[in-house]
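Enquirer: Chains as they are written, first to last, in our numbering: chain S, 99 to 596; chain L, -9 to 54; chain F, 6 to 392.
Hints are not guaranteed to be accurate.
Claimed, not checked - Taking CB as the label site, the calculated pair distances span:
(1) S/N534 <-> F/D130: 27 to 35 angstroms
(2) F/G351 <-> S/E203: 37 to 45 angstroms
(3) S/V295 <-> F/P215: 29 to 37 angstroms
(4) S/P264 <-> F/D148: 35 to 43 angstroms
(5) S/E382 <-> L/P10: 45 to 53 angstroms
Source of the hints: derived by calculation from the structure; they are not laboratory data. These figures come from a predicted structure and were not determined experimentally. Cβ atoms here follow ideal geometry from the backbone N, Cα and C, with glycine treated the same way.
Below are the chains, spelled out letter by letter.
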Amino acid sequence: MSVNVNPKANPNAKANPNPKANPKRKFLREEKLPHFFCSGCGCGQVLNYFTQALEALQMDVEKMLTIGGVGCTARMPVYLKSDTFHGVHGRTLAWATGVKLHNSEIPIVIFAGDGDLVSIGGNHFIHAARRNLDVTVIMVNNLNFAMTGGQVAPTTPVGSVTMTTPYGNDEPAFDVAQLAMAAGATHVERWTTSRPVQCEQAIRRALQHKGFSLIEIVSQCPTHFGRYALKSGDPGKLLQWIHQNSYLLDQENRLTAEEKHSKLACGIFRFQAGDSPHLEKKVERAHKQQEDATPNTSNITPNNTAVDQISTLPYPQRLTLCGMGGQGIILASVLLGTAAVTLAGLHAVQTQSYGSEARGGQCQAELIIDREPILSPVAQKKDLLLAMFSEAYHKYIPDLKEDGVLVYDTDLVQPESRKGKSYGVPATQMAVGLGNRMAANMVMLGFLAEMFGVISVEHLEQVVISEVDERFRELDLNAVRAGVEFAGQIKAQERGEA
Amino acid sequence: MVHIDERLCKGCRLCVTICPKNVLAMSQRVNKKGYTVVEVAHPEACISCKLCEKTCPDFAIYVE
Amino acid sequence: MQRPNQQTADPRRVMTGLHFLLGNYALVEGAISAGCDFFAGYPITPANEISERMSQRLPQVGGSFMQGEDELASIYACAGAALAGAKAMTATASAGFNYMQEGLGYCYTVEAPLVVANVMRTRGDNYATQSDIMQLRHGASGDYEAIVVCPTSVQDLFDYTIWAFNLAETYRNPVIIASETTIALMRERLHIPAAEAILLHNRRYTEKTPAEYLPFAAHANAAPDMAPLGKGYNTIYSLNPHDEAGRIDWDPEGFERLYKRITGKIRENEPKISRTQGFYMEDAESVIIAYGSEVRPAREAAQMLREEGKKIGVLQLCNVWPVPEGAIAEVASQVGHIFALEMNLGKYVGEIRRVVKDRCPVTSVTKNRGLVHTPWEVCAAVREVLK
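Work out the full structure: start from the sequences and follow the hints.
Expert: See the structure below:
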C-alpha cells in the first residue's frame, strides 16, 4: 500500500454544491447517515466493502437477515436496509442457528467484533464452525473492546497497553482464523482494512459459499486501541501500521522468520466449497418425515370390567416396589400403572427414586391405583410391598401397614416375622430356569396379578406385549405365566388350609 | 469525476492517504458536524482507480 | 408459511387417547399438539426427558430440534427461530434458567413468542422446591411482565403447555411453565382429546406494506402484528429500547411508550389471562391459596378438615404471574383467613399480602426441605390458627 505522504493542497479548489451520492448507499438506511462510527474507523470501511460485494453479486439486501451483537462492529447491520437482530452481546451465532434451522432460505450475515465473537461469544463461535452453519461471519478485528473504552480482548497483541492492561498485555492472543479452522469452518480468510479489493472479493466469496464463512478483517481503532497501544489517533498512520504488521499468505515462503514474527498472515486459509451443512440435513430429514407422517390414532378404549371383580385389595391400592438397580423395578411399576390406566380405565400415579449408580444401587417405585383421581402421589403407609433385595426390604418395610401384604424374593430377602401376610416367591430362581434372571420382575408381576388382582392377568399380558421390547417379549410372557402358576398353587394351598 | 459529499465526510484523510495520484487534500471547510472535510484538489490527475471511493468509511465519495 | 390466527390442532400431531405417561413427556405432547415446531435445549436434570422426547417427536411432525452447546445457545436459537416464525420452546431446570435471563429479556423487549419449561428443583440432588417462584417473574433486567403457569399434575402438564403456547402467540410474550421435579418425573393418567377439541391461537401477521408497517406499533396495550423476515420489512429487533418503527436512537418519549405498552399488554389483560380453580369454596370461611404441586396436599387437607367440620376451601392459582389480583381480592373479601401454602421460605405470600391488603389476615405456611407438604402438615398448620 503506497501512502501519500505529500498531498498538495489547491487554494483554488471549490466544494461541489451537488455531489452525486455513492450508489452503494441504496443498501443502507440513508436517513441514518452520517453513521455514528468515529472518523477513520475501520467499521465504516468494512461496511463499504460489504456493500461493494452486494453490488458485485447483485444481491438484494432486503432478503437477508443481518445480525450484530453489542459493540461498534455490532452497529454495522443497524445501518443496513434489512431485517436485523441486534443488541445482545456474544449471541449472534446462537440467533443465527435458530433461524437457519427453522428457515434455511434466508441468507444470514453476521457482523461481529473480536470481543463479541471470541470473548463472550467464543462458545457459540466454535460450535457454529463445527456445525459448518451456512452463514457469513465478518469479524472486524480492531484488537480491543472498543465501544466500552478500549479494554484488552483475546485478540490484543502481547505487550499492548489498553485500558485494562496498563502495564502491557501479557496474555497471548487468539489466531481466530486458526481457531475457526480447528473448529471445522470450511471457509476462512483474513485481510486488513488496508486491502479494500481483497476484502471485497473475500466477502463476495463468503456470500456465495455454502457453509461457515469467517472473514476476519483487521481494522484500525483510532479512538482507543490506536491511541493507547500504538500511540497514534491518525487513521492513515494506523492503516499503515496494520498493513506493515501483516503479510500475504501466498508470499510466506519468501519472508524470513523475523519478517513474519508477531505479524498476521492475510489470505485464503481455507475454502472448501460444496460441503452440505449439517443443519440443513436435519431440515431435509424433518421435511421428508412430515410428508410421510400418518394421522396419529392412539385410541385406547379402557375396559374396566375385569379388575373390580377380582381385586382382593381395596381401593386405593398403595404399593411400593423395591429392589436393586437393574432388576426392572421401575419397568414393573410402569407396566402396572399403564395397564391400570389405559386398559382398566382406573387412575394411577407412579413416582420413583434411585441411587446414582446405574446398576447395583437401590431402586424404588411407588404406585397408587384408585377409581378416583389421586391427590397425594405418595402414601404414608402402603398396602403392599414387593421387595426384591434385602437392603431395600429393610429400608421400606417400616412403610408397610401392619396388616399390609409383603411379597418378597425368597433368594434375596430374609423377612422378619410380622402380623400381616407375607408371600415368598422364588422369582429369581424361576427366571433363571426360564433362561434369564432379569425376568424375575415379570414373575413377580404375574404373581401379583393372579394373587391379588392388582391388575388382571389378561391386562398384564396385553401390556407386556405392547410395551416390552420384541427381543424379550416371549421370555417375559413365560415369566408372567410362571408367576401366575405359582400364585395359583399358593391360592390352592390357602383354600386347602381354609 | 470525484464527488465528495461534505455532509458525510469526517475528515479521516484515509482517501488522501490512499490516493496514488495526489488528487485529494484537506480543505479549510468545516461541516455541520464539526469535521474538516476533504476536497478534490487536483481533479486532472485522477485516473479513476476508485480507491478513494472504496476506502471511504463514510460513503462520502463517488467516482463517476 | 403463516398459520391462521385461530385453528384446531393438526390430527397428525395429537396422540388422542388415554395414557399413563411421564410428566415431562406429557409436556412434550402438549407442545406438539399446540404446533411447536422448534426446540433447542441443553441437558439438565430433571428436564432431560423433555429434550429427548422432543428430539424424537419434532422430526416426526416436520419440526426442528437442536441441542444447544449451552443454555444461552438454546434460548437465543429459540428467539431467532421465533422471530423467523417458529412456535419455539426450550426446557431447563433452575440452574439452567439462570443462564437464560438475558435471552428472556431479549424476547420480552422484541416481543418474541416463546415457551420456556422450567422444572424447579433443588441444587445437587434434584429434590422438590418452589424456591424460584419470584425469579420466574423478576429474573431478567429491564421492564416487562411475566406470564407463568403452574401445572399440578401430568394432565396439567399437557393442558397448560397448550395454554402457554396460546398465551405466547396472543401476547407475543415469553410464557414460562413452572414445572416441578415432583410432577415432571411422575407418571400419571393423561387424557389427550381429539385434535378438533384442541383450540390454538397463532400470532397475527401484518397486512400492511413495508412502507406502512410499524413493527412495534400496536392497538392499545396489545401485541403488534408480526412481519416475516427477508421480505422487505427491514425490521430491527434490538434489545436496545426502541420506538414503534424499531429505531434505537435515544428517544425518552419513545422508550417510555414502548415499556408502557410491553408491560401494559399483560397488566391490563390480566383478568383475561388469569385462571384459578376453587375447591370447596361455596361456603368457605377460610381459604388455602396454593400453586403447583402444593395444590394437591391442600385439596386433600381441605377434604380432611371439612370432615372435621371446618369450612375451608382451596383456591388454586393456575398462573402465578401476572398475579390473579381480582380472584385473590374477591376471595379475601369473603373469608376470615387465608393460608398461603408454598414449598420455599415464604415468597409468593408477599404478592398475596399485597393484593389482600387488610381485608383478612394471611398466614404463610411453608416447607423448605425438598419435600411437598403432606396433607397432615397442612391440616396441622390450619388447625393451629383456626382453633
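Enquirer: With reference to the structure, classify each hint as holding or not holding.
Expert: Quick rundown of the hints versus the structure:
Look at S/N534 against F/D130: about 33 angstroms separates their beta carbons, and that is inside 27 to 35 angstroms. Remark: the range hint 37 to 45 angstroms for F/G351 to S/E203 is contradicted by a beta-carbon distance near 52 angstroms. For the pair S/V295 and F/P215, the supplied restraint of 29 to 37 angstroms holds, since their beta-carbon distance comes to about 34 angstroms. For the pair S/P264 and F/D148, the beta carbons lie near 38 angstroms from each other, so the given range of 35 to 43 angstroms is met.
Here the CB-CB span from S/E382 to L/P10 is close to 51 angstroms, well matched to the stated 45 to 53 angstroms.
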